[in-house]
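Asks: Sequence lines, in order, name chains A and B. Residue 1 is where the first sequence starts when you use the working numbering, and the numbers rise one by one after that. Residue 1 is where the second sequence starts when you use the working numbering, and the numbers rise one by one after that.
Think of the hints as simulated: they come from the structure by calculation, not from any bench. Using N, Cα and C, we set each Cβ at its ideal position, and we do this for glycine too. A portion of the hints provided could be inaccurate.
[Stated by the list, open to error] Straight-line alpha carbon distances no greater than 25 Å define the calculated DMTMM-like cross-link-like pairs of lysine to aspartate or glutamate that follow: (1) LYS14/B with GLU67/A; (2) LYS14/B with ASP128/A; (3) LYS14/B with GLU124/A; (4) LYS14/B with GLU135/A; (5) LYS146/A with GLU62/B; (6) LYS57/A with GLU135/A; (7) LYS57/A with GLU62/B; (8) LYS57/A with ASP74/B.
[To be verified] Here are some chain A residues pointing at chain B (derived, C-beta under 8 Å): (9) SER32; (10) CYS37; (11) GLU49; (12) LYS57; (13) GLY82; (14) ILE84; (15) ILE111; (16) LEU114; (17) LYS115; (18) PRO119; (19) PHE120; (20) VAL134; (21) TRP147.
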Amino acid sequence: MARILVQEEAFDAAAEAAALAAGRVDVGGIASFTGLCRADDGISALVLEHYPGMTEKALAGIAAEAEARWPLTGCTIIHRVGRIRPGEPIVLVLAASAHRTAALEACAFLIDWLKTGAPFWKREEFADGSERWVEAKASDDAATAKWQAGGAAP
Amino acid sequence: MAVQILYFAWVRQKAGTGAERLDLPEGVTDVAGLMAHLATRSPGHAAAFAQARQIRAAVNQEFRPPSHPVADGDEVAFFPPVTGG
Chain A
1 MARILVQEEA FDAAAEAAAL AAGRVDVGGI ASFTGLCRAD DGISALVLEH
51 YPGMTEKALA GIAAEAEARW PLTGCTIIHR VGRIRPGEPI VLVLAASAHR
101 TAALEACAFL IDWLKTGAPF WKREEFADGS ERWVEAKASD DAATAKWQAG
151 GAAP
Chain B
1 MAVQILYFAW VRQKAGTGAE RLDLPEGVTD VAGLMAHLAT RSPGHAAAFA
51 QARQIRAAVN QEFRPPSHPV ADGDEVAFFP PVTGG
């Protein structure tokens with residue numbers, strides 16, 4: 001079972017990784033991805049909105065798909081919502097497995113799918129009080145589509 | 001019975017509300033028909049749905065296309081393409 005959290009608070013990536021290996025000796029590697037808030041165009045903050053209820057279901061579905069495709073010993077998805085400042089973490093994806101290929105591929109799959117398959121929306125805030133919704137990127141759709149074709153990284 | 005409507009991101013801002021309940025009007029049977037009906041509710045709703053191709057929908061918390069049926073008791077959400085991660 002995957003560990004899925006949607007929360008306003010920051011997360012401890014090291015503690016989350018340690019938890020995936022705690023008390024077991026069959027984990028050969030843990031791949032991780034941490035997404036951070038960039039200061040694109042001088043933004044003062046990102047505000048993340050989501051669809052409570054559907055978000056957790058969508059993330060659990062994406063994690064279940066990864067667990068079906070790769071022999072994972074565990075995986076973790078933590079996505080923050082609310083106001084996030086440049087330099088702060090937004091999202092954590094961890095995939096643990098006996099071997100590195102499964103862990104690395106599953107981690108990449110999870111973050112690619114999360115970007116197009118979970119109901120989050122980002123709004124950029126600027127110092128002058130203006131704001132702008134982030135637009136979806138075609139490159140994110142392409143990143144998800146490549147997993148639909150074969151299942152392995154290109 | 002009624003349908004629960006939810007709006008997110010700029011669709012919510014333009015519609016001027018995040019949630020509303022309404023009785024499904026006669027003749028409205030799918031997501032596209034519901035969007036066309038909602039657009040008539042206020043100038044804000046009209047603005048929210050003005051560019052229908054930029055709107056995505058979920059029915060009972062699953063992403064669904066405009067042709068998907070809607071029925072009494074459904075929860076239907078409208079929002080822009082997602083931008084998480």
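Asks: How about VAL134/A: closest beta carbon in chain B under 8 Å, or not?
Replies: holds (4 Å)
Asks: When you check the alpha-carbon spacing of LYS57/A and ASP74/B, does it fall within 25 Å?
Replies: holds (17 Å)
Asks: Next item in the hint list is SER32/A. Is there a CB on chain B closer than 8 Å to its CB?
Replies: Cβ of SER32/A sits 14 Å from chain B, so the hint is violated.
Asks: Tell me if ILE84/A is really an interface residue toward chain B, meaning its C-beta lies closer than 8 Å to one of theirs.
Replies: violated (12 Å)
Asks: With chain B as the partner, please determine if PHE120/A meets the hint condition of a C-beta pair closer than 8 Å.
Replies: Result: holds, 3 Å to nearest chain B Cβ.
Asks: Is the hint on CYS37/A kept, meaning its closest Cβ partner in chain B is under 8 Å away?
Replies: violated (12 Å)
Asks: Using 8 Å as the Cβ threshold, decide whether TRP147/A counts as touching chain B.
Replies: violated (14 Å)
Asks: Would the pair LYS146/A and GLU62/B pass a check requiring their Cα atoms to be no farther apart than 25 Å?
Replies: holds (22 Å)
Asks: Is the shortest C-beta separation between LEU114/A and chain B less than 8 Å?
Replies: holds (5 Å)
Asks: Is LYS14/B close enough to GLU135/A, meaning Cα to Cα at most 25 Å?
Replies: Between LYS14/B and GLU135/A the Cα gap is close to 16 Å, so the pair holds against 25 Å.
Asks: Given the hinted pair LYS14/B and GLU124/A, is their alpha-carbon gap at most 25 Å?
Replies: holds (17 Å)
Asks: Given LYS57/A as an interface hint, is the shortest Cβ-Cβ distance to chain B below 8 Å?
Replies: LYS57/A check passes; min Cβ-Cβ to chain B is 6 Å, inside 8 Å.
The structure fails to meet hints 1, 9, 10, 13, 14 and 21 from the earlier list, while all remaining hints are met.
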